[in-house]
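There are 2 protein chains.
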Amino acid sequence: MARHLPQSISQGQPSVKHALSVTREQDFAAWYQTVIAEADMAEESGVRGCMVIRPWGYGIWERMQKLLDEQIKATGHENCYFPLFIPLSYFEKEAEHVDGFAKEMAVVTHHRLIQQDGKLVPDPEAKLEEPLVVRPTSETVIGAAFSRWVQSWRDLPVLINQWANVVRWEMRTRMFLRTAEFLWQEGHTAHATVDEAMDETLKMLEVYRVFAEDCVAMPVVAGEKPENERFPGAVATYSIEAMMQDGKALQAGTSHFLGTTFSQAQNIKFQNAEGQQELAQTTSWGVSTRMIGGLIMTHGDDDGLRVPPRVAPYQIVLVPMLRDTDEDAAIVEYCADLVHRLNQLDAFREPVRALLDKRPAKAATKRWGWVKKGAPIVIEVGSRDVAGGNVSVIRRDRLYRADGKLDSQIVAKDDLVENAVAMLEEVQAALFADAKARLNGAIDDSITDLDALKAYFGASKKPGWALVQWAKPTGADLEKVVQWLKGEKLTLRNVPSDAAPADGGCIFTGGAAVERVLVGRSY
Amino acid sequence: MARHLPQSISQGQPSVKHALSVTREQDFAAWYQTVIAEADMAEESGVRGCMVIRPWGYGIWERMQKLLDEQIKATGHENCYFPLFIPLSYFEKEAEHVDGFAKEMAVVTHHRLIQQDGKLVPDPEAKLEEPLVVRPTSETVIGAAFSRWVQSWRDLPVLINQWANVVRWEMRTRMFLRTAEFLWQEGHTAHATVDEAMDETLKMLEVYRVFAEDCVAMPVVAGEKPENERFPGAVATYSIEAMMQDGKALQAGTSHFLGTTFSQAQNIKFQNAEGQQELAQTTSWGVSTRMIGGLIMTHGDDDGLRVPPRVAPYQIVLVPMLRDTDEDAAIVEYCADLVHRLNQLDAFREPVRALLDKRPAKAATKRWGWVKKGAPIVIEVGSRDVAGGNVSVIRRDRLYRADGKLDSQIVAKDDLVENAVAMLEEVQAALFADAKARLNGAIDDSITDLDALKAYFGASKKPGWALVQWAKPTGADLEKVVQWLKGEKLTLRNVPSDAAPADGGCIFTGGAAVERVLVGRSY
Chain A
1 MARHLPQSIS
11 QGQPSVKHAL
21 SVTREQDFAA
31 WYQTVIAEAD
41 MAEESGVRGC
51 MVIRPWGYGI
61 WERMQKLLDE
71 QIKATGHENC
81 YFPLFIPLSY
91 FEKEAEHVDG
101 FAKEMAVVTH
111 HRLIQQDGKL
121 VPDPEAKLEE
131 PLVVRPTSET
141 VIGAAFSRWV
151 QSWRDLPVLI
161 NQWANVVRWE
171 MRTRMFLRTA
181 EFLWQEGHTA
191 HATVDEAMDE
201 TLKMLEVYRV
211 FAEDCVAMPV
221 VAGEKPENER
231 FPGAVATYSI
241 EAMMQDGKAL
251 QAGTSHFLGT
261 TFSQAQNIKF
271 QNAEGQQELA
281 QTTSWGVSTR
291 MIGGLIMTHG
301 DDDGLRVPPR
311 VAPYQIVLVP
321 MLRDTDEDAA
331 IVEYCADLVH
341 RLNQLDAFRE
351 PVRALLDKRP
361 AKAATKRWGW
371 VKKGAPIVIE
381 VGSRDVAGGN
391 VSVIRRDRLY
401 RADGKLDSQI
411 VAKDDLVENA
421 VAMLEEVQAA
431 LFADAKARLN
441 GAIDDSITDL
451 DALKAYFGAS
461 KKPGWALVQW
471 AKPTGADLEK
481 VVQWLKGEKL
491 TLRNVPSDAA
501 PADGGCIFTG
511 GAAVERVLVG
521 RSY
Chain B
1 MARHLPQSIS
11 QGQPSVKHAL
21 SVTREQDFAA
31 WYQTVIAEAD
41 MAEESGVRGC
51 MVIRPWGYGI
61 WERMQKLLDE
71 QIKATGHENC
81 YFPLFIPLSY
91 FEKEAEHVDG
101 FAKEMAVVTH
111 HRLIQQDGKL
121 VPDPEAKLEE
131 PLVVRPTSET
141 VIGAAFSRWV
151 QSWRDLPVLI
161 NQWANVVRWE
171 MRTRMFLRTA
181 EFLWQEGHTA
191 HATVDEAMDE
201 TLKMLEVYRV
211 FAEDCVAMPV
221 VAGEKPENER
231 FPGAVATYSI
241 EAMMQDGKAL
251 QAGTSHFLGT
261 TFSQAQNIKF
271 QNAEGQQELA
281 QTTSWGVSTR
291 MIGGLIMTHG
301 DDDGLRVPPR
311 VAPYQIVLVP
321 MLRDTDEDAA
331 IVEYCADLVH
341 RLNQLDAFRE
351 PVRALLDKRP
361 AKAATKRWGW
371 VKKGAPIVIE
381 VGSRDVAGGN
391 VSVIRRDRLY
401 RADGKLDSQI
411 VAKDDLVENA
421 VAMLEEVQAA
431 LFADAKARLN
441 GAIDDSITDL
451 DALKAYFGAS
461 KKPGWALVQW
471 AKPTGADLEK
481 VVQWLKGEKL
491 TLRNVPSDAA
501 PADGGCIFTG
511 GAAVERVLVG
521 RSY
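Chains A and B, in that order, are what the protein sequence lines are.
As numbered in the UniProt record's numbering, residues 1 to 523 make up the first sequence, in order.
As numbered in the UniProt record's numbering, residues 1 to 523 make up the second sequence, in order.
One chain only, chain A, in its complex shape:
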């Protein structure tokens, strides 16, 4: 892997030479891949469409899992585990759901291999009577379980979640954003009434919004997806949409009100308090490793990734500047003591995660490695620091001074310990504030005709989104809108829950508008 260290920075040039070989401005897509490689997040696996998630990328996912799992449990859900394989017959029961996924399902047809002409092949004698699909999502197989669990209104609600891998055979893949296999959590619930199921759908949407904003420091717009963007089988789909630095939208989490679609298909019936049989109302909701792609494109800069402290595997990394001299032992000891003291602290109601990087490499290489990985605070300690009781502190959210030099501050060791928690809170807040300002500044709600809409998206490379008024057409009328947008490489994102009421005409049909919908390019 090419190492590209901006040595020039410490030589005092005013113009910054950044750590990555490509900037966001030059080529956003290439920059994204470069961040993933240089931050040791993930790599191609050699297996089509599947990636290897490396320790730093997986560590971020573990942090996301922990924080989101706490909220999923705090809202009354329990974790379970359901089979990876789903019999075809389960899918046949729900036509719309099948249509949505049939084109991209991995199908298991055999259960044994044999040698033939020196090559391994599926054994024709070991063909499955009924092929199995590798789950693309688990509504059908979890619905089958719910039908066993639910008999009476007393058994409701059922509030379940699973952390699992799923497979969708995407033809064009992109690391974290769209991979054949990905990791996610999928919540599945069953309720006695429409109101309860809808409350659940919106409650989990709000859990996702708070998670994205408070933990990932990624501002999002929560709202309902238009009909054409619904999950296959859903009555209503809600999403959180985040804006990437290139202005494109990333759907970062969805919550579906499924009505009785799957309770009909899987026979989830209960006896109500009046003794009558009713179909349960179900929901499902999911967040995946895609969120990591969102984190990269929200917070990354031309020096690599910047990880918000709450989801950083390590929040503070200490790099001892060793020179193969007698002083090395004292430096390491000094650092070890500091790590010990930092790890005693609590930030965000959890113990601080500080690391002493003792690997046998040059301090500058290690420093830039952690900058590219986006550790929130990097601390360097040399023999002069030890003598003076100091450390050199680099904050990843503000790497350079106005003159373009690296902003490395010398701070007394005790002051660092005193201020470390506040500093982590500042980094978290600063990353969110930056992204929030960018989002707010990049939604144009003044566009009222299609020419202006075309001009907005045609004018610049990074137009952001348009919030337009529309009549919420359905069926063929909606399809016409969707096709027109497709011609402009645009999509409908969602109808923001907090948008102002409509007060004008529909930008697409000219009729009276009923609500405002977000339009944008998207991942």
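These are calculated hints, taken from the structure and not from any lab test.
Just so it is clear, the structure is predicted and the values come from calculations on it, not from any experiment.
Careful: at least some of the hints might be erroneous.
Identical copies go unnamed one by one, so any copy, or any two together, can satisfy a pair.
[Said to hold, decoys possible] Calculated pairs, DSBU-like style, for lysine-lysine (alpha carbon to alpha carbon, straight line, at most 35 angstroms):
(1) 66 with 127
(2) 127 with 103
(3) 462 with 203
(4) 413 with 269
(5) 413 with 73
(6) 93 with 127
Got chain A sorted already, so can you dock chain B onto it with the hints?
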């Protein structure tokens, strides 16, 4: 599901009527299935060989994951994630490994479904050029990654772990013990020298031993497996073996020294300090959801499961005895306050996990539900308890008094809080001590000839194991021994690391013995 409540116990009969419909003595296999059903651990999924792990079962797995993961990280390993699918060509490179797994692999051959005569079928147009195997274990695909990561001796060791699902198409399945899909962690490491790789192999075996004994309270015997029981491709395989209550052995974790088998197949080479190319020495080691089967058969009794506090999702469960009267609110408040106080405590260096069970069901039903689930401490609170400032405490490890009555102790609320941590520690220690005494008492090391061995295993229903001296035959000589044992439904378990040196003749060959090996029935 049939509810079988031993109401008779509280009516004071001296002979205990247990909560399960079948006892261990009557039918151990049926008892095992009954515990799993009555403790809401898992159920058949309708998908061949795959189970649904329900919240209580999955909650135990989450506890195991947390505690084992801490140790895996404390010993320097990092978590990653590798693809679910493995191309056939990866397997072709290592013949012995293929032979071990080819007979039981799920094979993906298509990536799309189409409708045909109203049925879903794999699309013949969407056949994969190279079929993919659903990973039965990941040596090959992780080895391919290691070959990219390792260039120089400076890149070693590589210390990686992943938590994942794997699939082995077993024809005869049994929940938790042998399922087509199961959950596990698999550690994979690469080293510069044989010594380092062997140290790693034995270090992780010790991590497993300590985890099994200290966390799951399941005593085990750690040792090397004989040649015929090695992992396909391993140079040496070590295991921890636990004794179930029916005397059978359960292999509960394995650690493999793989030598250069996989570095040859996957080309994991490094330049050593002298500038020469060398093959890396690799290891792998795994613990799976099988451990939950071991927990059940180690600690379960005729009233259901008994979960050691360290791996119990909830350690203390409060059951308010409500009667639809005005007093109910005060009882619930009293319990909520108690749960709050208990959750402030630390046991085993973690916060105590106490739960208030507010479900709308009868207190007796709830009490027996938690007894069957094996919550370590169940506390009942009625209006008289509230008035007196007391609670009624049931310890799951000693459910009955000598006269057969339920041993429910009235304790002052403050005393409970005072003693809760000590009580949890006592339950943990008592479960281990019981199992340890059973294990120690059921290994016969006095058997020196095959007739005596036959007699030992033929004599009683629960013979335990025999520790016999042997000459450690190999190849065809070993095969002869294995076949003879097979005729007696016996297997070689392992050569205990802490066994006394051999000092007699080989029980199988009559030659001089070189070590002692465990013989037993097994799962």
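Here is what the structure says about each hint:
no. : hint         : result
1   : 66 with 127  : neither (40 angstroms within a copy, 39 angstroms between copies)
2   : 127 with 103 : both (22 angstroms within a copy, 12 angstroms between copies)
3   : 462 with 203 : within (33 angstroms within a copy, 54 angstroms between copies)
4   : 413 with 269 : neither (64 angstroms within a copy, 43 angstroms between copies)
5   : 413 with 73  : between (39 angstroms within a copy, 28 angstroms between copies)
6   : 93 with 127  : both (23 angstroms within a copy, 24 angstroms between copies)
Taken one by one, the earlier hints fail for this structure at numbers 1 and 4, listed in ascending order.
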